[in-house]
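Asks: Sequence:
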Amino acid sequence: MVVAVEQFILDPAHRGTLQRQLQEIVTNGILSGRFRPGDRMPSSRGLARHLGISRITVTLAYTDLVASDYLSARGRSGYFVSESAPEPAPVPTRARSESRVDWSRALGQRFPASQVIARPEDWRRYRYPFIYGQTDARLFDQQNWRKSALQALGTREFRSLTEDSYGRDDPFLVDQIIRHILPRRGIAADPSEVLITMGAQNALWILAQVLLTQRRTAVMEQPCYPALREILERSRCIAAEIPVDDGGLPPEAIPGDADVVFVTPSHQCPTSATMPIARRRALLERAERDDFLIVEDDYEPELASAGASAPALKSLDRGGRVAYIGSFAKSLFPGLRLGYVVAPEPLIRELRTLRWLTIRSVPGHLQRATAFFLAGGHHDAQVHRLARAFRERRTVAERAIAEHGLRIAGAGTFGGSSFWMRAPEGVASSALARALRGRDVLIEPAGPFFGPGRDPETHYRLAYSSIASADIPEGIARIAEAGGALAATAAAPVWP
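Each position in the sequence shown, counted from 1, maps to that position plus 165 in the numbering used here.
Errors might be hidden in some of the hints.
Within a straight-line C-alpha distance of at most 25 Å, the following computed DMTMM-like cross-link-like pairs (lysine to aspartate or glutamate) qualify [claimed, not checked]:
| # | residue 1 | residue 2 |
| --- | --- | --- |
| 1 | K312 | D301 |
| 2 | K312 | E328 |
| 3 | K312 | E568 |
| 4 | K312 | D340 |
| 5 | K312 | E322 |
What follows is a list of derived Cβ distance ranges for each label pair [unchecked claim]:
| # | residue 1 | residue 2 | range |
| --- | --- | --- | --- |
| 6 | Q379 | E639 | 16 to 22 Å |
| 7 | E590 | A418 | 23 to 29 Å |
| 8 | A656 | E557 | 35 to 41 Å |
| 9 | A254 | E639 | 53 to 59 Å |
| 10 | T560 | P255 | 57 to 63 Å |
| 11 | I221 | W268 | 57 to 63 Å |
| 12 | L326 | G542 | 21 to 27 Å |
| 13 | R205 | W268 | 44 to 50 Å |
| 14 | Q172 | T327 | 20 to 26 Å |
| 15 | R275 | T327 | 37 to 43 Å |
| 16 | A254 | R205 | 20 to 26 Å |
Rather than coming from a laboratory, the hints here were simulated on the basis of the structure. All of these numbers come straight from a predicted model, not from anything done at the bench. Glycine included, C-beta positions come from ideal geometry on N, C-alpha and C.
Build the full structure now, drawing on both the sequences and the hints.
Replies: Take a look at the structure:
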């Protein structure tokens, strides 16, 4: 690493010579750990020009530092921090001071801890991880993603990486979404109707902020995506929860005073139920009749659909009432945190203004790298590869589930990358999950999907996106064994 000349600032009030002051800057830098062994010092000519002093002054300072073993000279290569230079002094532990702020009064709002799906950080070490939404490195096209990212770092793309876009999105990415992603869902859009977001959750938040007030009613599915419930609670709107059935959200159950309906029609989160076309049309008719808006979260539309992928609700919308949310979390990887909203231009304009006030814009390099990945056809190939692998895993899992007598909750058309399961009679899903961890198996108890204090402890989610097909049968066998053991214990009579 080269030590930057900007780290050398002369102090006019220093009482020593310029040579001495330069030596102190170097020794302080080494002793503080800012300059490390092997770091290259600025050239004597460059440093002299930067400081406006003579080159001989810099050379003499460097020579003295070499003599005291702070620096070493390497012929024509220059001066470097010596490998045997004195080591930085240990940083003293700062005594913890007591805050005198009354935080009970200082905090304008308080946010309770989020109810998240229990998932150990070291989930990859488990042999049978039936967890949802993580990247399976065996299926991801790392080579072409790396090429796309490097291409986005190229000289020609420098502006997209470095300039302040003032809230605008990368037109290249927007064009790729309009041309390659949306047509698969039957959606046509203009660039003015697309907004890039930091993932689907960011999209849900800004939509809730723009569309809802304390006097407006938001409808959500029950059970539902836990973060959506919390977002709606933070918006302080009137929230109405509608229980889903085998076809997802029943339109006839929506209250007449609804203002915004949040729905996951492709694969209901978390039950994976697919909303039939007739019900989708009925939902749009209700929206027209009762004058409410719909937010469609299409979080994994093309992955492992049980049949032909149903058209998006947005594609059937003729009244401009649907705001469509898409994401690259499942087709690429969740750490990318990249999504988009497709909606009428007046709504997109307001969403863009709010986004500008919070994150200003989505990082240009992420947008451009994703655009290159789409333009090169790599995303289409990635989705095809994932869908093929997930269909195989689903088939294997269905066979094992039937063989071991486990129960899939509900019926109807399923898709996505998970099963919505019912725990054995008398067995709490959280207890089942705890027992399975000791057997090297991970499942996801359904508590967060129902909300605090409303968990019936009867369901769990069994995902197959992060587990190899060969491991699925044994993993499901272990689930059946653990469930059977817990059920037997629960049913055993208690003798006095």
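Asks: If a hint holds in the structure, say so; if it does not, say that too.
Replies: Here's how the hints hold up against the structure:
1. For a cut-off of 25 Å, the pair hint linking K312 to D301 stands: about 19 Å separates their Cα positions.
2. Between K312 and E328 the CA atoms are separated by roughly 22 Å; this keeps the pair inside 25 Å, and the hint holds.
3. Distance hint between K312 and E568 is unfulfilled; the C-alpha atoms sit about 44 Å from each other, more than 25 Å.
4. Simply put, K312 and D340 have alpha-carbon atoms about 20 Å apart, close enough for the 25 Å limit, and the pair holds.
5. A threshold of 25 Å between alpha carbons decides the hint, and for K312 with E322 the separation of about 14 Å falls inside it, so the pair holds.
6. With their beta carbons about 52 Å apart, Q379 and E639 fall outside the hinted range of 16 to 22 Å.
7. Checked against the given bound of 23 to 29 Å, the beta carbons of E590 and A418, roughly 28 Å apart, stay inside it.
8. The hinted range of 35 to 41 Å is satisfied by A656 and E557, whose Cβ atoms lie roughly 36 Å apart.
9. Against the hinted window of 53 to 59 Å, the Cβ-Cβ separation of A254 and E639 comes to about 55 Å, which satisfies the hint.
10. Checked against the given bound of 57 to 63 Å, the beta carbons of T560 and P255, roughly 59 Å apart, stay inside it.
11. For I221 and W268, the hinted distance range of 57 to 63 Å is satisfied, since their beta carbons lie about 58 Å from each other.
12. The supplied range of 21 to 27 Å is met by L326 and G542, whose beta-carbon atoms lie about 23 Å from each other.
13. The hinted window of 44 to 50 Å between R205 and W268 holds, with their beta carbons roughly 47 Å apart.
14. Evaluation of the 20 to 26 Å hint for Q172 and T327 yields a pass: the beta carbon distance comes to about 23 Å.
15. Restraint check, R275 to T327: a C-beta distance of roughly 39 Å satisfies the suggested window 37 to 43 Å.
16. Checking the proposed 20 to 26 Å range against A254 and R205 shows it holds: the Cβ atoms sit about 23 Å from each other.
In terms of the numbered hints stated before, the structure departs from hints 3, 6, listed from lowest to highest.
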